[in-house]
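Engineer: Work out the full structure: start from the sequences and follow the hints.
Residue numbers (the working numbering), protein chains in the order written: chain A, 37 to 357; chain B, 37 to 357; chain C, 37 to 357; chain D, 37 to 357; chain E, 37 to 357.
No wet-lab data here; the hints were simulated from the structure. The beta-carbon is built from N, C-alpha and C at its ideal position, and this holds for glycine as well. You may find that some hints are simply not true.
[Claimed, not checked] No farther apart than 20 Å at their CA atoms in a straight line, the calculated lysine to aspartate or glutamate pairs in the DMTMM-like style are these: (1) D/Lys328 / C/Glu236; (2) D/Lys355 / B/Asp295; (3) A/Lys228 / A/Glu276; (4) E/Lys228 / E/Asp295; (5) A/Lys240 / C/Glu236; (6) B/Lys228 / B/Asp180; (7) E/Lys240 / D/Glu57; (8) D/Lys353 / B/Asp295; (9) A/Lys106 / B/Asp180; (10) D/Lys240 / B/Glu109; (11) B/Lys298 / A/Glu276.
[Unchecked claim] Part of the chain A face toward chain C, derived, beta carbon under 7 Å: (12) Cys45; (13) Gly47; (14) Gln222; (15) Leu253; (16) Glu255; (17) Asp259; (18) Leu291; (19) Lys298; (20) Met312; (21) Phe321; (22) Met324; (23) Phe348.
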Amino acid sequence: MLVNSVAYCNGKKIADVPQGEIHAYLDRKDCLLWMAVRDPEEHELAELEREFELHPLAAEDARHGHQRPKFEEYGETLFIVMHMIEPDGDDLRVGEVNIFVERDYVLSVRSRSERNFQDVRARCEREPELLRHGSGYIMYALMDAVVDRYFPILDAIETQLENIEDRIFAGTSPRANIESLYSIKQKLMTLKHAVAPMLEAVSKLFGGRVPHVCTGLGEYFRDVYDHLARLNQTIDAIREMVTTAISVNLSMITLQEQDVTKKLAACAALVAVPTMIAGIYGMNFDFMPELKWKWGYPVTLGVMTVIDIYLFFRFRKAKWL
Amino acid sequence: MLVNSVAYCNGKKIADVPQGEIHAYLDRKDCLLWMAVRDPEEHELAELEREFELHPLAAEDARHGHQRPKFEEYGETLFIVMHMIEPDGDDLRVGEVNIFVERDYVLSVRSRSERNFQDVRARCEREPELLRHGSGYIMYALMDAVVDRYFPILDAIETQLENIEDRIFAGTSPRANIESLYSIKQKLMTLKHAVAPMLEAVSKLFGGRVPHVCTGLGEYFRDVYDHLARLNQTIDAIREMVTTAISVNLSMITLQEQDVTKKLAACAALVAVPTMIAGIYGMNFDFMPELKWKWGYPVTLGVMTVIDIYLFFRFRKAKWL
Amino acid sequence: MLVNSVAYCNGKKIADVPQGEIHAYLDRKDCLLWMAVRDPEEHELAELEREFELHPLAAEDARHGHQRPKFEEYGETLFIVMHMIEPDGDDLRVGEVNIFVERDYVLSVRSRSERNFQDVRARCEREPELLRHGSGYIMYALMDAVVDRYFPILDAIETQLENIEDRIFAGTSPRANIESLYSIKQKLMTLKHAVAPMLEAVSKLFGGRVPHVCTGLGEYFRDVYDHLARLNQTIDAIREMVTTAISVNLSMITLQEQDVTKKLAACAALVAVPTMIAGIYGMNFDFMPELKWKWGYPVTLGVMTVIDIYLFFRFRKAKWL
Amino acid sequence: MLVNSVAYCNGKKIADVPQGEIHAYLDRKDCLLWMAVRDPEEHELAELEREFELHPLAAEDARHGHQRPKFEEYGETLFIVMHMIEPDGDDLRVGEVNIFVERDYVLSVRSRSERNFQDVRARCEREPELLRHGSGYIMYALMDAVVDRYFPILDAIETQLENIEDRIFAGTSPRANIESLYSIKQKLMTLKHAVAPMLEAVSKLFGGRVPHVCTGLGEYFRDVYDHLARLNQTIDAIREMVTTAISVNLSMITLQEQDVTKKLAACAALVAVPTMIAGIYGMNFDFMPELKWKWGYPVTLGVMTVIDIYLFFRFRKAKWL
Amino acid sequence: MLVNSVAYCNGKKIADVPQGEIHAYLDRKDCLLWMAVRDPEEHELAELEREFELHPLAAEDARHGHQRPKFEEYGETLFIVMHMIEPDGDDLRVGEVNIFVERDYVLSVRSRSERNFQDVRARCEREPELLRHGSGYIMYALMDAVVDRYFPILDAIETQLENIEDRIFAGTSPRANIESLYSIKQKLMTLKHAVAPMLEAVSKLFGGRVPHVCTGLGEYFRDVYDHLARLNQTIDAIREMVTTAISVNLSMITLQEQDVTKKLAACAALVAVPTMIAGIYGMNFDFMPELKWKWGYPVTLGVMTVIDIYLFFRFRKAKWL
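Structural biologist: Here it is, written out as C-alpha cells:
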C-alpha cells in the first residue's frame, strides 16, 4: 500500500507524486523523490522493482522479509534492512523496513509494523537546510528514527527486570519470576538481533570510504552508530544481569526449600515429643507408680506443654519457625 | 552412481553426456559440463579423479568424506565441501556434497543424503541468461540450494524449543524436557558445524580478490553469505536460549520439589496431631476425669476433626496443599 | 550554573572571565579559556552552544545526558563524554561530564555529580610549565581526575566482596550474601559501562594519528589508558569472582540444607525409637510377662535412655547432630 | 636412543647413516638426511646439538620437554614441537616430538611416546616422487601423521560421551557419570592443548610468506591445517556438550531426589494413617461404643486396609510410588 | 635500599659502583651500569629519578606501585613493570619489579618481594659472551627469571586441584573443597593478572619494529613470550577445570543429600511399621481374639522383627541403607 510519495527540490517539497508519475520525477535531474510503501502486495513490489530498477536479489529480500538487519550496495543503490520493534501486549512484534536509496530517490518499504514515519518526514520538511543534503540525509533520518524507537523498549525491559529483582529478594512468586526472566531474555535476543548487525552495518557509513550519498554526513551516521553502541552495551549488560538473576533466584528457591524443611522439622518435633511421652504412659506395666499418682495426668500434660513451649522458643530463636 | 551429466553452451543444454564422452566435452572450449554423482564407489571416484585431473588431496577428501565445510583452491580448480542436513526421525542426518568447479565444468559428488539437486538444475535451465554466467553461477546455485535447505530444519528446532518452553512453565514432564533440550543442543551443534565454517569460506567469494569463475557474481555470493550469517545468528540465539531453558528448568524442578516437601509436611501434620491427642487419652493414669465423662470420646473426635479442618484450610491458604 | 571561567596565558592565570566577556577572550589568539559549568539549564546550554559554536549533535548529547563515554571529533572541536561515579548510600550515582576542547578553550559541562574539579584546576595552576601545553593538557588533567576517582570505588567493591566471601564460608546470612553479590554485580556493570568505552576512546589519543591539541602529550594519555586498562582488568576479575561466589554460595546453601535434613533425621530417630518401644508395651496382650515384672517399667525407661544416648553419640560422631 | 638415520638422494634411500658419519652426509650438497631419535639422554642431545649446530634455545626446549606445540624459525632452521597423545588405560599419555628441519636434514626427537614413525618413513620411501620435494615434505609427513593420530582418540572420547548420555537419561549411576564427564573434560583439555597452538603454528606454513623448505607444499600444509581445524571444532563442540551434560545431569539428580521424597511421603502416609486410627481406638474413654461392638476390631482393620489400598492407588496414579 | 650496583665493560665486571659515582659511570660511553634497588624509600626514588633522568610518569608508577604489568617506551628509555608472585602461606604475595633500561644502564626497582635477582646476575657474569649484548640482554635475563618463577607456583596450584578432585569423587569434606576451589580461582586470577598483560607487552619485543636495545635478541624474547603463552594457556585450562569442578561438586553434594534422604526414609520405615503394629494391638476393643492368645505377644514381636529384617535387606539392596 502506498503511504505517500513526495518530490523535493533543494530541500523543499514541490509535489505529491501519484504512482503513475514516478518515472517522470525520477528522470528529472534536480529533484529528490521520497516514497513510502507499507505492507506491499506482490504486484506492487513487482511494479516498484521495475520502476526503480531494483536489483533482483534486493527486491527478493524485500519480498520475503524476515531478513537480518544489513546494509548492502548494489551498484549505486544502497539497500538497508532494519527491524522495527514494537511492544505487542507482553511480547515484542518484529516488523521490518527495507530502504532503497539512490542519489535521486529514497524508497522505504515497511512491513508488519504499526508505526509510520510521518514524524520523520514532518521534521525533515521543517528543516529544509538539512534536507538539502539529499537522499543521504533522509536515509539518516529514517535510521535515526528506527534506532531511537528501540530505547523506550529497552527501558521497559530494564524496569521489568528491576521489578523482578525486588520480588526475588522479597521471596515472592518465584515461579512467575522465572517465567518473566525467561521472557526478558527472549526480548533481549529480539533486540540484539535488531541492533548488533546494524551496528556493524552503520560502521560502514562514516569514517573511511563511504557510499557517495553519505558524503558529508559522517557525523550524523556516527551519531546513529553511537546510539546503537549504547543500546548494544545495555542489552549485553541486562543479558548478563538476567543470567545472574536466574542463578540468584535458584539460590533463593533453594534457601526457601531449606526454610520449609526447617519448619517441617520443628513442627514434627512439637508433635512428636508429647506423642512419645503419651506413649510411655500408655504402657501397660503393672508397676508404674506415676499412674496411681493423683496429679500424674495434669503434671504430664504440664510437662508436655513446657517442653513444647521450650522447643518453640528455641526454634523461633534459631529462625526455624 | 552417476546421477546425470549435461553439457551446456551459452546457457542452453546441448546434450546429455554419457560417462565415456566426458573427455570429448571437456576438450571443447565453448561448452560447460555439469555432472552430478551420488555415493560413488571407490573405482568411480578414481575414474573421476583421472578424467577431471583432480588434485590428489581434494580427491582424498571426497573419498573419505566427513570433512568440515570448506572452500579451497587447487590451482584453477575450486573445491567446495558442504554438509547436507536432513531430518531423520527425531535426529538429523548429515550428508555431504563435494563440488569441484573449473571454468568449463562443475562436478558435484553427493554422499549420505536423500535429496538431490534436480530442482537446482531445472531452475538453472529455465534461466539461461543466468546460466550463461558459467560454472560460477552453477556453483552459486548449488550453494544457495544447500543453504536454503537449512532454514526449515532450524525452524523445526525453534518450534520444538517453543513447545518445551510451554511445558517447562506448565510444570509438565520435566524429565522429557531435559532430554529434549539436550537433543536440541545436539542438533544445533550439528547445524553450527555446517554453517560456521561455510560462513568463513563464502566470505572469500565476494568483496576483495575472488577466484576467476566467481567474477561478477559478488552480489550472489554475498546473498549466500547473508543467509549463512542469519542462520548463524539464529543458531547462536537458540543455543543461548537452550542454556537458559536448562537452568530455568532446574529452577522449576527445585520449586516442584519444594511443593512436594510442603505437601508432605502438611499431610504429616494432619495425621500427627490427632495421633498425639489419641496418644494422650491412651495414657493409663488412674485419675483422668475426661475418660469418665460420657461425651469425652465424641468431643475428642470432634476436636481432632476441627483441628484438622483448621489446619487444612491454613495449609490450603498457604498453598501447601 | 556557571562554576567558574578563567583565562590563562602562557600557563598563567590572567583573569576570571565573566560570562559576558567570553567572546572577547575567545577572539584573542594568545590565551586559553577554561570554563566549567554544572547542571546547566536549557537556556544556558543554548547560549554556550551559540558562543562556542558547538556542533548541534554534540550539544544535543550534552543536553540529553545519559550518553555512553566516548571521544568524538567535530572538525577541530574534540568532544569527550565521561561518567562520574560517586557512592550514594549503598548504591552508585552516575553523573556525567561533557568536555569540549579546542585549541583555545576547554569547556566542561558536569551533570548529576557532587564532586567538582577545583582540585584539578588548583593543581594545574600550580604547574604552569605543564599548563603551557595548552588545552590538551587540561583535557588530560580532567580525564586523569575522573579516572582516578574510579579507583576508591572499585576498592570499596573489592572489600565488600571479601567480606561476603568470609560470610559465605562461615555459613552466615546466605540470603544477605546473595543480595550483596547481586548488588556488587550491578555496581560492576555500572563501572564497566564507564570504563570500557573510555578505554577504547582514550586509545585514539596517543600512538598513531592524534588530534592536534593532544600532540606531544602521548605519554600522558597513555598513562590514562594504562589506568583504565587496570580498572578494566580488575572489574573483569571481580566480575568473574562474583559469578564464582554465587555458584559457591549455592553449593554452601545446598550443603546447609543437607545438614538440616541430617539434623531432622537424627532428632526424628531419637524420638521415634522410644515411641516404638512404648507402643510395644502399650499392647493389650493378656500374656506379656514383662508387664507383670516389677522392674519392667524402670528397665524399659532405662533401655529407651540407653538407646537414645547411643544414637545421640553415633549421630554426633557422624556430624549429623 | 637413535632409532634410525637414513640418507636420501633424489627421493631414494641411498644409505643407513651410522652416527659417526652424520657430518659427512651433512656436508654433501645433494642428499637429505632423515634421522630419528627417541628419549635421548642428556649427552646424546648435546652431541646432536653440536653436530647439527642447533640453536641453544631450541636445544634447551628439546632437553626440557613439556613445551607447548609451536613452530619457530631459528635462522634457516625450522623447529617444530608437537604433542603425541596416546591412550594409557583410562587416561591419556602426552608425549612430545621435536622436529628440526633444514634444507638438507630432518631430525626428529621423540619423548615419552610409544608409537614410532616407521610407517611414515615407509610410506615416504614408497613415494619417491613426493620425497623428492625434500625436507619440507618429510616435515609435512611427520606432522600429518601426528595429527591423524589425534582422530581415533577424539572418536573414543565422543563414544564415551554418548554412552554417558544414555546413562544420564536412563537415570543410572549418576555418580559415575559425573566422574566420567569430568574425566572427558580433562582429556579434551589435553587434546585442546595439543591442537589449538598447532593450528596457529601451521597457519604460517602456507598462504603468504612461508619458510623456504615449505615452498610448493602449500596445499599439503593447508590439508594439515584443515584437519587441525576439524579437530579443534569437534573438541570445542564436545566440550560444550560436556558442560551441558553436567548441568543436565544435575537436573536429573534433582528430579531423582524429588522421586525419593515422593516415595518417602507416600510410604509415610501408608503407615501413619492406620497408626492414627489405632491410636484413636487405643484411647481409654469409658464410653466408646465401638469398643464393645463385636465386629469393631475386624471392621477397624478392614477400614485401615481399604484406606491404604485407596491411598496406594492414588499414589501410584500420581507416580509417587 | 640499594642492593647492588655494578659496572660492566664488554661483558665483564669492572667495578662495584657506590651510589655517589653513578653519574661518572653513566657518562662513560663504553660501560654498562646494572643497578638493583629494593623497596626504595621516597627520597631514594627521587634521587634515582634525578640521576637517571627518568620520566616523571614512569617514576610515579614506580613510586605508587600496584601497576599492571606493562612495557612502555619513554623516548630512549624502556620501562617494564612485572609482578613477582611468591607463595605466602596458603596465599600468594604479589610483589612488583620496575625495570628501567637504556643503552648504558639497567635499573631494577623491586618492591614487596622476598626473592632477589642475585642468581640472574651471577649467571650473566658467568656468560660474558652473552652479557656483551648489552642492556637488552640483562633485561631479557630479568624477565626470563621472573617468568620462570611463575611455573612452580602454577604447578602447586595444579597439584592442589588434583587433590581436591580426588576428594570430590571420594565424597569427603565438601565444604573444604568448595573453599579450596574458590581459593584456587583467586590464585589463578592473581597469576592471570601477572601473565596476560605481560604476554601482550613482550610480543612487542620481537618480530617487527623493536626497541633499539632489543635488536638481535628476538629469539630470546620470543622464548620468554613462549613461556608466557604456555603459562597463560595452562592458567585458562585450570580455570576452566575449576569451574567444572565447582559444578561437579554441587552435583556430588546433591547426590549426597539424596543419600541422606534415602537413609532417613529407610530408618523411618524400620521404626514406623512396628509402631503401627503395636498401635493396632494397643486398641481397646473387647473382642480382639489375638489378645487372648497365649503366643500373641511373642508372635507379634516376631512378625515385627521379620518385617524389619525384610525391609532392611530390601533397603540394603536398593542401596538406601
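Engineer: Taking the least C-beta to C-beta distance, is A/Gln222 closer than 7 Å to chain C?
Structural biologist: 21 Å, violated
Engineer: Within a Cα-Cα threshold of 20 Å, do B/Lys228 and B/Asp180 meet the stated pairing?
Structural biologist: Given pair B/Lys228, B/Asp180 holds - Cα atoms ~17 Å apart, limit 20 Å.
Engineer: Can A/Leu253 be said to touch chain C, with a Cβ gap under 7 Å?
Structural biologist: For A/Leu253, the interface hint is violated, since the closest Cβ of chain C sits about 11 Å away, which is over 7 Å.
Engineer: Answer holds if the nearest beta-carbon of chain C is closer than 7 Å to that of A/Phe348; otherwise answer violated.
Structural biologist: 15 Å, violated
Engineer: Under the criterion that the straight-line Cα-Cα distance not exceed 20 Å, is the pair B/Lys298, A/Glu276 satisfied?
Structural biologist: 33 Å, violated
Engineer: Is the hinted pair D/Lys328 and C/Glu236 satisfied, with a Cα-Cα distance of at most 20 Å?
Structural biologist: The given pair, whose Cα atoms are some 93 Å apart, is violated under the 20 Å limit.
Engineer: Next pair to validate is D/Lys353 with B/Asp295; report whether the Cα-Cα distance is within 20 Å.
Structural biologist: 18 Å, holds
Engineer: With 7 Å as the cut and Cβ atoms as the points, is A/Glu255 at the interface with chain C?
Structural biologist: With Cβ-Cβ at 6 Å, under 7 Å, it holds.
Engineer: Against the 20 Å threshold, does the CA-CA distance of E/Lys228 and E/Asp295 hold or violate the hint?
Structural biologist: 39 Å, violated
Engineer: Between D/Lys355 and B/Asp295, is the straight-line Cα distance small enough, at 20 Å or below?
Structural biologist: Judged against 20 Å, a Cα distance of about 15 Å means the pair holds.
Engineer: Taking the closest Cβ pair, is A/Met324 under 7 Å from chain C?
Structural biologist: Holds: closest Cβ of chain C sits about 5 Å from A/Met324, inside 7 Å.
Engineer: Hint check: is the beta carbon of A/Cys45 less than 7 Å from a beta carbon of chain C?
Structural biologist: Constraint on A/Cys45 not satisfied, violated at 24 Å.
Against the hints set out earlier in the document, violations occur for numbers 1, 4, 7, 11, 12, 13, 14, 15, 23.
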